[in-house]
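Colleague: Residue numbers (our numbering), protein chains in the order written: chain R, 1 to 439; chain C, 1 to 257; chain U, 1 to 480.
Honestly, the hints are just simulated from the structure, not real lab data.
Quantities reported herein were computed from a predicted structural model and do not represent experimental measurements.
It is possible that some hints are incorrect.
[As the list claims (entries may be wrong)] As a list, the in silico BS3-like pairs of lysine-lysine whose alpha-carbon atoms are at most 27 Å apart:
hint: 1; chain 1: R; residue 1: Lys45; chain 2: U; residue 2: Lys345
hint: 2; chain 1: U; residue 1: Lys415; chain 2: R; residue 2: Lys395
hint: 3; chain 1: U; residue 1: Lys345; chain 2: R; residue 2: Lys44
hint: 4; chain 1: U; residue 1: Lys165; chain 2: U; residue 2: Lys142
hint: 5; chain 1: U; residue 1: Lys366; chain 2: R; residue 2: Lys332
hint: 6; chain 1: U; residue 1: Lys166; chain 2: U; residue 2: Lys56
hint: 7; chain 1: U; residue 1: Lys379; chain 2: R; residue 2: Lys45
hint: 8; chain 1: U; residue 1: Lys76; chain 2: R; residue 2: Lys45
hint: 9; chain 1: U; residue 1: Lys279; chain 2: R; residue 2: Lys332
hint: 10; chain 1: C; residue 1: Lys192; chain 2: C; residue 2: Lys28
hint: 11; chain 1: R; residue 1: Lys327; chain 2: U; residue 2: Lys415
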Amino acid sequence: MNSSTSVESSFLHRLAKHITASGKWAAIRNQSQKDLNMSSFPHKKIEEWRFTDLRPITRTEFVPFDEAGVFPATDIEQYFIPESDRSRLVFINGNYHEKYSSIGGLGKGVTVGNLSDFEEHDSVSEYLNKLVNYDNDVFVHFNGLNFVDGAFIHLEKDAKAEAPIQVLNLYTDAKEPFISTPRLLVVAEEESDVTIIEDHIGLAGNTYLTIPVCEVKAKQGAHIHHVRIQRDSLSALHVSRPIAYVEKNSEYHSYTINLGAKLARNEPRVVQEDEEVDFTLDGLVLIDGEQVADTHSVMDHRFSHGESHQLHKVVVNGSAHSIFNGKIFVRKDAQKIDSFQENRNLLLSNDGLVNTKPQLEIFADDVLCSHGATIGQLDPEEVFYLQSRGMTEEKAKEVLTYAFALETIENMKVESVHKLLIEEVYRYTKANTVAKVTA
Amino acid sequence: MLEIKNLHAVVEGEDIEILKGVNLKVNKGEIHAIMGPNGSGKSTLAKVAAGHPEYEVTGGDILYDGESILELDPDERAHAGIFLAFQYPVEVPGVTNTTLLRESYNTIAASRGREELDPLEFDDYISDKLELVQMKRDFLDRSVNTGFSGGEKKRNEIFQMAVLQPKLSLLDETDSGLDIDALKIVSDGINKLHGDDDAVILITHYQRLLNYIEPDFVHVMIGGKIVKSGDKTLALKLEEQGYDWLEAHATVNGEAG
Amino acid sequence: MSETKALESMIGEEYKYGFTTDVEYEDFPKGINEDVVRLISEKKNEPEWMTEFRLKAYRNWTEMEEPSWFNATYEKPKFDTLQYYSAPKNKPKLNSLDEVDPNIRETYEKLGIPLEEQKMLAGVAVDAVFDSVSIFTTFKEKLAEAGVIFCSISEAIQDHPELVKKYMGSVVPARDNFYAALNSAVFSDGSFCYVPKDTICPMELSTYFRINNMNSGQFERTLIIAEENSHVSYLEGCTAPMYDEHQLHAAVVELIALDNAEIKYSTIQNWYSGDEDGKGGIYNFVTKRGACRGKNSKISWTQLETGSAVTLKYPSVILQGDNSVGEFFSVAVTNKRQQADTGTKMIHLGKNTKSTIISKGISAGKSDNSYRGQVKISKKADNARNYSQCDSMLIGQTCGAHTFPYIESANPTGKIEHEATTSRVGEDQIFYLQQRGISEDDAISLIVNGFCKEVLKELPMEFAVEANKLLSIKLEGSVG
Chain R
1 MNSSTSVESS FLHRLAKHIT ASGKWAAIRN QSQKDLNMSS FPHKKIEEWR
51 FTDLRPITRT EFVPFDEAGV FPATDIEQYF IPESDRSRLV FINGNYHEKY
101 SSIGGLGKGV TVGNLSDFEE HDSVSEYLNK LVNYDNDVFV HFNGLNFVDG
151 AFIHLEKDAK AEAPIQVLNL YTDAKEPFIS TPRLLVVAEE ESDVTIIEDH
201 IGLAGNTYLT IPVCEVKAKQ GAHIHHVRIQ RDSLSALHVS RPIAYVEKNS
251 EYHSYTINLG AKLARNEPRV VQEDEEVDFT LDGLVLIDGE QVADTHSVMD
301 HRFSHGESHQ LHKVVVNGSA HSIFNGKIFV RKDAQKIDSF QENRNLLLSN
351 DGLVNTKPQL EIFADDVLCS HGATIGQLDP EEVFYLQSRG MTEEKAKEVL
401 TYAFALETIE NMKVESVHKL LIEEVYRYTK ANTVAKVTA
Chain C
1 MLEIKNLHAV VEGEDIEILK GVNLKVNKGE IHAIMGPNGS GKSTLAKVAA
51 GHPEYEVTGG DILYDGESIL ELDPDERAHA GIFLAFQYPV EVPGVTNTTL
101 LRESYNTIAA SRGREELDPL EFDDYISDKL ELVQMKRDFL DRSVNTGFSG
151 GEKKRNEIFQ MAVLQPKLSL LDETDSGLDI DALKIVSDGI NKLHGDDDAV
201 ILITHYQRLL NYIEPDFVHV MIGGKIVKSG DKTLALKLEE QGYDWLEAHA
251 TVNGEAG
Chain U
1 MSETKALESM IGEEYKYGFT TDVEYEDFPK GINEDVVRLI SEKKNEPEWM
51 TEFRLKAYRN WTEMEEPSWF NATYEKPKFD TLQYYSAPKN KPKLNSLDEV
101 DPNIRETYEK LGIPLEEQKM LAGVAVDAVF DSVSIFTTFK EKLAEAGVIF
151 CSISEAIQDH PELVKKYMGS VVPARDNFYA ALNSAVFSDG SFCYVPKDTI
201 CPMELSTYFR INNMNSGQFE RTLIIAEENS HVSYLEGCTA PMYDEHQLHA
251 AVVELIALDN AEIKYSTIQN WYSGDEDGKG GIYNFVTKRG ACRGKNSKIS
301 WTQLETGSAV TLKYPSVILQ GDNSVGEFFS VAVTNKRQQA DTGTKMIHLG
351 KNTKSTIISK GISAGKSDNS YRGQVKISKK ADNARNYSQC DSMLIGQTCG
401 AHTFPYIESA NPTGKIEHEA TTSRVGEDQI FYLQQRGISE DDAISLIVNG
451 FCKEVLKELP MEFAVEANKL LSIKLEGSVG
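Just need the whole structure built from these sequences, with the hints factored in.
Modeller: Following this line, the structure appears as C-alpha cells:
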C-alpha cells in the first residue's frame with residue numbers, strides 16, 4: 001500500500017547494486033530499477049504469501065553471478081528432445097549458447113532466437129516487459145534489471161511452426177549460490193500456431209535461485225501449446241512468472257509439471273483480451289522430502305464467451321508441502337463464461353501438508369463457473385479392488401498413484417515429452433511406493 | 001381450436017427469419033403430426049405458440065378458440081390450456097416435481113374457475129397419473145428433471161400433461177432419445193389422454209412414433225413453411241423417399257394444405 | 001432482462017421493521033476508556049472478577065488493530081463517539097411482564113414475537129434483548145423444572161458465577177480478535193443457557209435482539225453450555241430501526257458441547273441493511289464459535305442472513321472430542337449496497353471428526369456476497385472428514401459473488417471435498433415454469449427457494465414459517 005515509504009531492503013535490492021549494465025535494454029533496466037526501489041520482499045503477513053515459508057530463500061547467501069564460481073555444463077545433449085532437433089534454444093544459467101542451439105527447422109514466418117539479438121524487432125519493443133504484470137513484485141523487477149539474454153519466439157500471420165520449439169534452461173553446479181533470470185517472449189500473430197516446450201533442469205544438486213519471466217501474446221485465432229517442465233535441483237529455489245494474453249478466437253493451453261526445487265513458487269496468469277477464447281492452465285505437482293511447491297494462478301475473464309479449464313493435481317509425500325490458490329475472475333459484462341477448475345490433492349504421508357484455496361470472484365450473472373477441491377488419500381475401495389485382483393497393497397497403491405498423476409499429462413502433443421513425463425511420473429510413484437504410509 | 005395464419009417469426013434481436021409464413025388449422029379431437037428435416041422450424045413453431053421470449057412474431061397471427069394469443073404471457077397461454085412438452089426439458093434444482101405440479105395445477109384450476117386441491121387431495125389425484133407413464137412414487141420427490149435420464153425427462157413431460165389436462169398439446173420431439181419400450185409407454189399415455197375435446201400436435205423427426213399414435217393429418221415443414229399436407233400415408237412416403245422430393249417443391253410453392 | 005427486473009423489484013421490498021420505539025434512556029458517557037469499562041461493570045453490579053475480565057479485554061483491545069482482510073469496504077466505526085452502554089430507563093428487575101415498558105412490549109408485538117406467557121402454543125422460550133439489555137425472559141419456571149437455566153447473561157453473572165467464570169472466554173478468548181476484545185470489554189447483556197447432564201431441553205429457546213437507540217452500539221454476549229448427554233436448540237432473531245447513520249453490532253457467542261451433547265443454533269438475521277445508496281444500516285461484526293469438547297458431541301449452525309449493511313461473520317466449530325460433528329448451513333442474501341463476507345471454520349482436532357458445510361449465497365442489486373471458509377484437518381485428526389458445498393446465484397450484472405475457501409490437511413487419512421458453483425436464474429427455467437402456468441414472479445420465487453432448500457430445512461420447525469416469511473419479504477411472492 002504505502003510502499004513508497006516503507007520499502008524494506010532485501011538481498012535482491014543489495015544484489016541489484018552489483019549488476020553491471022550490459023549496454024542492452026536500457027529502458028527496461030531503468031524502469032525495473034525504479035520499480036524495484038518501490039517494492040518490498042514479500043512476507044507471510046501478505047495474504048498471497050501466508051502459507052509459504054520463504055526462509056529457504058531469505059536464509060541463503062546469494063552472491064553476484066560473477067563471484068559464484070560456476071562450473072561448465074557437461075553432457076547436456078541427453079536433454080534434447082528429438083522433435084526439436086532443429087528448433088532448440090539453449091540457455092545455461094540464463095545465458096544463450098548458440099553452439100548447443102539449433103533454429104533452422106521452423107519453416108516460413110517463424111522467428112526464433114536470443115532476445116538480445118532482436119532488440120530492434122517490432123514485437124520486442126512492443127511487448128517485452130510490457131505484458132508482465134505482477135504489481136510490485138521484486139522478483140519480476142529483479143529479472144528486468146538483470147536479464148540480458150532470453151528466448152524470443154515470433155510467428156507471423158498464418159505461420160505454423162513445423163516443429164515444437166524447445167527452450168532449454170540449464171543450471172550448472174557452482175561454489176556459491178547464484179541467481180538466474182531467464183526470459184521468454186512469445187508473440188503469435190493472427191492465425192499462427194506453435195508448440196513450446198520450456199524446460200528447466202538443474203545439472204547438479206546445488207542451490208540457486210531462478211526467476212523465469214515469460215510473456216505470451218496470442219493474437220486473433222492463434223493457437224499456443226505451452227509445456228513447462230520444472231526439473232530444478234532439489235536445493236534450488238524457483239520463482240516463475242508466466243503470463244499470457246489471449247485475443248479473439250485464440251487458444252492458449254499451458255501445462256506445468258513441477259518435479260524439482262526445494263521451494264517453487266509458480267504464478268501462471270491468463271488474461272482474456274477479447275471474446276471467444278479457450279484456455280487451459282493445468283498443473284501436475286509431484287513432491288517429496290522437504291520440498292515446497294506453491295502455485296498461485298489467475299484466470300482473468302474480461303470479455304464474454306470464454307471457456308477455460310484448470311486441472312491442478314498434486315501428490316505430496318515425506319514432509320513436503322503443497323500450496324494452491326487458483327483464482328477465477330469473471331469481470332462485469334463478461335457473460336457466457338464457462339470456467340471449470342479442479343484441484344485434486346493426494347496426501348500420502350503423515351508429515352506432509354496441503355493448503356488449497358480455490359477462489360471464484362464473479363461479477364457477471366450469465367456464467368457457468370465451478371470449482372472443486374479435494375484432499376485425501378487413495379480410495380481404500382480402489383486399493384482393495386486391485387488387491388482382490390492379485391496385486392500387493394504396495395503395488396495397488398503405486399498403480400493408483402501413477403494413474404492419478406497421469407491424467408494431467410494426457411494432453412501432451414509432443415510424443416517424446418509425453419514419454420518423458422510418463423517416465424518421471426513412474427519414477428516418482430515407484431520411489432514413493434507409498435510404503436511410508438501407515439495404513 | 002387453433003388457427004395459425006401466415007405466421008412469421010425471427011429470433012429476438014436478430015434478422016434471420018425462421019418462420020416464413022406458416023398456415024395451420026387444428027380442430028378439436030384431431031391429432032396432427034408435423035415432420036421435417038433439421039432446422040426446418042418445427043420446434044420454433046411450437047415455442048412461438050407457447051410464447052417463448054426468445055422469438056419475436058413479425059407477421060401473421062395465432063388464433064386460439066378464435067382469439068389472438070400473441071399478446072399473452074406464457075403462463076396465461078398455459079392457463080388457457082396450451083401445453084408444450086419440451087424437446088429438452090429444463091432442470092430446476094431444488095424444486096420437486098410435486099411442488100411444481102401442485103403449484104401449476106392450482107393456478108390453472110383457479111384461472112379456469114375450478115376448485116384447487118389441497119396437498120392430500122392432490123396426492124391422490126396424481127397417484128393415478130403416475131401409473132399412466134409407469135413411474136415410481138419417489139419420482140415425485142425428486143427435483144424437476146434434475147439428474148433425470150433422457151427417457152425419464154420425456155416421460156416426465158407426458159406425466160405433467162396427464163396432470164394438467166391441457167386442451168392443446170404441442171409435443172416437441174417427445175419420441176427422440178427413447179428406446180422402444182419407453183416409446184410404447186409414452187405413446188400409450190398420449191393415446192389414453194387424447195379425447196374428443198382436445199387436440200394434439202406431434203412434432204417429430206421419425207415416422208416410427210406414428211406407428212403408435214395415429215395422426216389424422218401429417219404436415220411437412222421445410223424452410224420455415226408447411227410445404228405439403230396429407231394423411232398418414234404421407235409419413236410413410238417420407239420414410240421411403242426422404243425429403244428431397246419436397247425440397248424443390250418448397251422453393252416453388254410454399255402454399256400447401 | 002425482464003426476469004432480472006422482476007426479481008430485483010421483489011428483493012427490493014421495503015424493510016418492515018424500520019420503526020423506532022420511543023423510550024427514555026439512562027445517561028451514559030460516549031467514547032471508551034478504562035473508566036467507561038468500570039462504569040459499565042458498576043452499573044451492572046458485577047463482581048470483581050468480571051470487572052477484571054473486562055479491563056483485561058479492554059487493554060488487549062487497545063493494542064489490537066482493526067482488521068481489513070475481508071472483502072468489504074466501509075467507513076470505520078468511530079469508536080470514540082460511540083455509546084457503549086444503552087439501557088431503557090425504567091429497568092431495575094422485572095418480576096412480571098406487566099412491568100415491561102409498554103412501548104417496548106409494543107415493539108415486540110409489532111415484530112410478531114410472543115413475549116406473553118399465555119402464548120403457550122408457540123412453545124418457545126424467549127429472551128428479549130433491547131439495545132443490549134435483556135428485557136424479559138419467558139418460560140423461566142417451566143425450564144427450571146427441567147433443570148435448564150435460561151436467563152440473561154447479567155443474571156447469570158450474579159446467580160451462577162461459577163459457570164460463567166468457568167466457560168466465558170474459554171471458546172472465544174478476549175484477545176481472539178479486535179471485535180471480540182471490544183465485546184469482552186463492554187458487553188452489556190445477552191443470553192445464558194445451561195443444560196444439565198442427561199437433559200433434553202423441553203422447548204426451543206430463542207432470543208430476539210433489537211437495536212433501537214441511534215448512537216449506541218450493541219454488544220451482546222451469549223453463552224450456551226450443554227452438559228453430557230444433553231440437547232438444546234436455540235434461535236436468535238435480529239431487527240433494527242432505519243437510521244441514516246451506521247450502527248455497530250459486535251456480539252460474541254460461545255457454545256460448549258460436552259460428551260454426547262448436541263447444540264443446534266439458528267439465526268434469522270434481519271438487521272436494517274441501509275438504503276439504495278448504502279446510507280445507514282448495521283455493521284454486523286460477530287464472533288460465533290462452538291467447541292465440541294466432548295466425545296460424540298455435535299454443534300450445528302444454521303443461519304439465514306438477509307440484513308445488515310456489512311456482515312462479517314464466521315460461525316465456527318472446533319472439533320476437539322473424538323467422533324464429534326460440526327455443521328454449518330447458511331443462506332446469505334444481499335441486495336442494494338449490502339456487503340456480506342460470511343462463512344465458517346471447521347477445525348478438526350479429534351479423531352473421526354466430521355463436518356459439513358452447505359452455503360448458498362444470493363447476490364442482487366449492487367451488493368457483494370462472499371463465502372469465506374476454513375477447513376483444517378490437523379495432524380492428529382485421523383479419519384476426519386469434511387464435505388463443503390458453496391453455491392452462488394447472481395441476479396443482475398452489478399453485483400458480485402466470491403468464494404474464498406481455505407482448505408488444509410496435515411493428515412493422510414483425512415478427507416476433504418469442496419465444491420463450488422455459480423449460476424443464475426435462467427431464462428429457460430422461467431419459461432419452463434411459466435409454460436406450466438406459473439407466473440414469472442412465482443417462478444423466480446420457486447427457483448430461489450429451491451436453491452436454498454437444503455439450508456432452510458435445517459431451521460427448527462417453529463421458525464421455518466418465519467424464515468419463509470422473511471425470504472418472501474426479500475423475495476416476495478408465494479412459497480410452496
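Colleague: With reference to the structure, classify each hint as holding or not holding.
Modeller: Going down the list of hints, with the structure as the test:
Restraint check for Lys45/R and Lys345/U: the C-alpha separation of about 20 Å stays at or below 27 Å, so the hint holds. Restraint check: the Cα-Cα separation between Lys415/U and Lys395/R comes to about 22 Å, which is no more than 27 Å; the hinted pair holds. Proximity of Lys345/U to Lys44/R is assessed by CA-CA distance (about 21 Å); at most 27 Å being required, the pair is judged to hold. Our distance criterion of 27 Å between C-alpha atoms is met by Lys165/U and Lys142/U, whose separation comes to about 26 Å.
Among the hinted pairs, Lys366/U with Lys332/R is consistent with the structure: their alpha-carbon atoms are about 12 Å apart, no more than 27 Å. At roughly 17 Å between alpha-carbon atoms, Lys166/U and Lys56/U fall within 27 Å of each other, so this suggested pair holds. About 23 Å separates the Cα atoms of Lys379/U and Lys45/R, which keeps this hinted pair within 27 Å; it holds. Between the alpha carbons of Lys76/U and Lys45/R the distance comes to roughly 22 Å, so the proposed pair stays at or under 27 Å and holds.
Distance restraint check for Lys279/U and Lys332/R: the Cα-Cα separation of roughly 24 Å lies within the 27 Å cut-off, and the hinted pair is therefore satisfied. Between Lys192/C and Lys28/C the CA atoms are separated by roughly 16 Å; this keeps the pair inside 27 Å, and the hint holds. Of the supplied pair hints, the one linking Lys327/R and Lys415/U holds, its CA atoms being roughly 23 Å apart against a limit of 27 Å.
Against the hints set out earlier in the document, no violation occurs for any number.
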